[in-house]
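Generate the whole structure from the sequences, applying the supplied hints.
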Amino acid sequence: MPEIVDNKQVFTLYEVASSIRKTLAERYTSAFWIKTEINKLNIYAKSGHCFPELVDKKEGKIQAEMRATIWKTDFDRINQNFKKVVNEPLKDGIKVLLLATISYEPKYGLSLVIRDIDPGYSLGELEKEKKETIDKLQREGLFGKNQLLPLALLPKRIAIISVDTSKGYSDFIKVIDQNIFGYRFFHMLFPAVLQGEASIASITRQLRNIKKIKKHFDAVAIIRGGGGDVGLSSFNNYQLAKAICSFPLPVFTGIGHSTNLTVSEMVAYQNAITPTELADFFLQKFHDFSVPVQHAEEVLIKRVPLFLINCKTDFKNITHQFKTTTKNHLAGHKKEIHYLSTGLLQETRFRINNEREVLSNIKQNVLKSTKDLMKIENLELTRSQNTIQKESLRFFVQQLDQLKNTEKIIQLVDPMNVVKRGYTITSVNGKNLRSIKQIKEGDVLNTLTSDGNINSKIINIEKNP
Amino acid sequence: MSEINYTKAFDELQEIVHEIENGEISVDSLSKKVKRAAELIKICKTKLTSTEEDVNKILKELSSADEPEAEV
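As given, the protein sequences belong to chains D and B, one line each in that order.
Here my numbering is used: position 283 in the first sequence is 283, and no number is missing along the way.
To get my numbering, take the position in the second sequence, counting from 1, and add 1000.
It should be emphasised that the hints constitute simulated quantities derived from the structure, not laboratory data.
Mixed in with the good hints there might be a few duds.
To be verified - Within a straight-line C-alpha distance of at most 27 Å, the following computed BS3-like cross-link-like pairs (lysine-lysine) qualify:
1. B:K1045 to D:K302
2. B:K1033 to D:K215
3. B:K1045 to B:K1033
4. D:K215 to B:K1035
5. D:K145 to D:K95
6. B:K1008 to D:K174
7. B:K1057 to D:K302
8. B:K1008 to D:K302
What the hints assert, rightly or not - Computed beta-carbon distance windows for the label pairs:
9. D:G343 to B:E1024: 28 to 34 Å
10. D:K302 to B:D1011: 21 to 27 Å
11. D:K107 to B:A1065: 20 to 26 Å
12. B:S1063 to D:E298: 45 to 51 Å
13. D:K174 to B:S1063: 27 to 33 Å
A quick note: this is a predicted structure, and the numbers were derived from the prediction, not measured.
Note that beta-carbon positions come from the ideal geometry of N, C-alpha and C, so glycine has one too.
Structure follows, in structure tokens:
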């Protein structure tokens, strides 16, 4: 009951709280279904009770927030049923449809007491989220991006995102470290939470770390194991799947479960069902590299000597063949040369004889012809000689006769001869006198006679009538 | 030894082996090729059975790369 202090009605806090409790209990008598999201589940391990923090978000912003309670007995039942249907335990960030009553306790305040949760609703929400993630990645062209990266020929430097105490991690390490082939891997653990809502941020943070030192690695392996099929829905988360898609190194997943593939596994470079299978994949890559190298070694050890032996044999055969062929060839040539030389000799002899005969004939012909010609020429010469003799004699006689005649004529015309016959020759002043015109009275005339000269003076000159 | 080196070594080795197996190799170049192949085999085998990475060095590098993480 309120007391009166200074005319004021004063309640204790308990009285107020009790009043609220009474009012609420009268107003909210039955349980009702509420659609909400569990922001934090807050399980108290010791008591087994659960005090979830419920939120209602619109476009990412919190519109309502309320505490809730699930008593241990309810929680065990609800969680078991939930796991069976959704393959997930109740967890942070999950959307739920829950049956609750409103409770108000003066000591604890307002909370919703959850009586039941409909797992079908959550399953639908998770499937919806998965589909949305796929659609969004496909729309952004990121979906198969990691699968297009080139994988190192030997993916031997592996960045492992896992939990160091997990069975999956130890299985993986065991297979790749204790292989009997002596293959040596370099692996480095980037510890992360691999289950539940927290895994999203945890894995993406480690991916960011690896990205900074990516040059030291060939591949990333996200390994989980031993967790069964539960708590995998975080692998459908858009942020995580996107981080895998756009990671600059091939990302491998081996998260060990038997349910439908999560989006992260779908977009990984390669997914293995178990960590062991993933480890085998890496070993296989080493085999793929090692087998040809071993083969190459074998080729060097076995094939090369064989090759050399073959070469030697070939060489021997060829040499032998060369020898034989050359011999035969030479023999053939020798024979041919012999034939040819014999033929040449015969031919030459024949030719020489022939030519000799021809020459001899020519010689005889020339001789005969020369003789004939000389005979003819001789005859001609003799005839010419005779003619010349005869002709020259005749010419001399003729000339002699002519000379004789001339002499006679000359004798005839000699003045002395005329003088002898009684004639004289008169001259005046050294010139023979032919006309009276040459002289005048008183001139001395010279008269030549046969036996002397007479000089006389002209007395008279009478001109012939 | 970088990644490209052993990949190249592997490819070159394959080529030589192919040549030897198909008898495409001449006796003249055989000894040179065999020598080269032996080298390449050594490179490849070393790559299979050893590692040069050092965790401590990588961790150091990672911590020095931590500062400009503001973008994330």
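Cross-check of the supplied hints:
1. The suggested pairing of B:K1045 with D:K302 holds, with an alpha-carbon distance near 19 Å, which does not exceed 27 Å.
2. Taken as a hint, the B:K1033 and D:K215 pair is broken in the structure, with Cα atoms around 33 Å apart against an allowance of 27 Å.
3. At roughly 18 Å between alpha-carbon atoms, B:K1045 and B:K1033 fall within 27 Å of each other, so this suggested pair holds.
4. For the given pair, D:K215 sits about 32 Å from B:K1035 by alpha-carbon distance, which is inconsistent with the 27 Å threshold.
5. For the hint linking D:K145 to D:K95, the alpha-carbon distance of about 30 Å lies beyond 27 Å, and the restraint is violated.
6. The hinted pair formed by B:K1008 and D:K174 fails the criterion: a straight-line CA distance of about 30 Å is larger than 27 Å.
7. As the CA atoms of B:K1057 and D:K302 are separated by approximately 43 Å, the hinted pair breaks the 27 Å bound.
8. The hinted pair formed by B:K1008 and D:K302 meets the criterion: a straight-line CA distance of about 24 Å does not exceed 27 Å.
9. Between D:G343 and B:E1024 the CB atoms are about 51 Å apart, so this pair departs from the stated range of 28 to 34 Å.
10. Checked against the hint of 21 to 27 Å, the pair D:K302 and B:D1011 passes, with Cβ atoms roughly 22 Å apart.
11. At roughly 51 Å, the beta-carbon separation of D:K107 and B:A1065 lies outside the given 20 to 26 Å, and the hint is violated.
12. Taking 45 to 51 Å as the suggested C-beta distance range, the pair B:S1063 and D:E298 conforms, at roughly 47 Å.
13. For the pair D:K174 and B:S1063, the supplied restraint of 27 to 33 Å holds, since their beta-carbon distance comes to about 29 Å.
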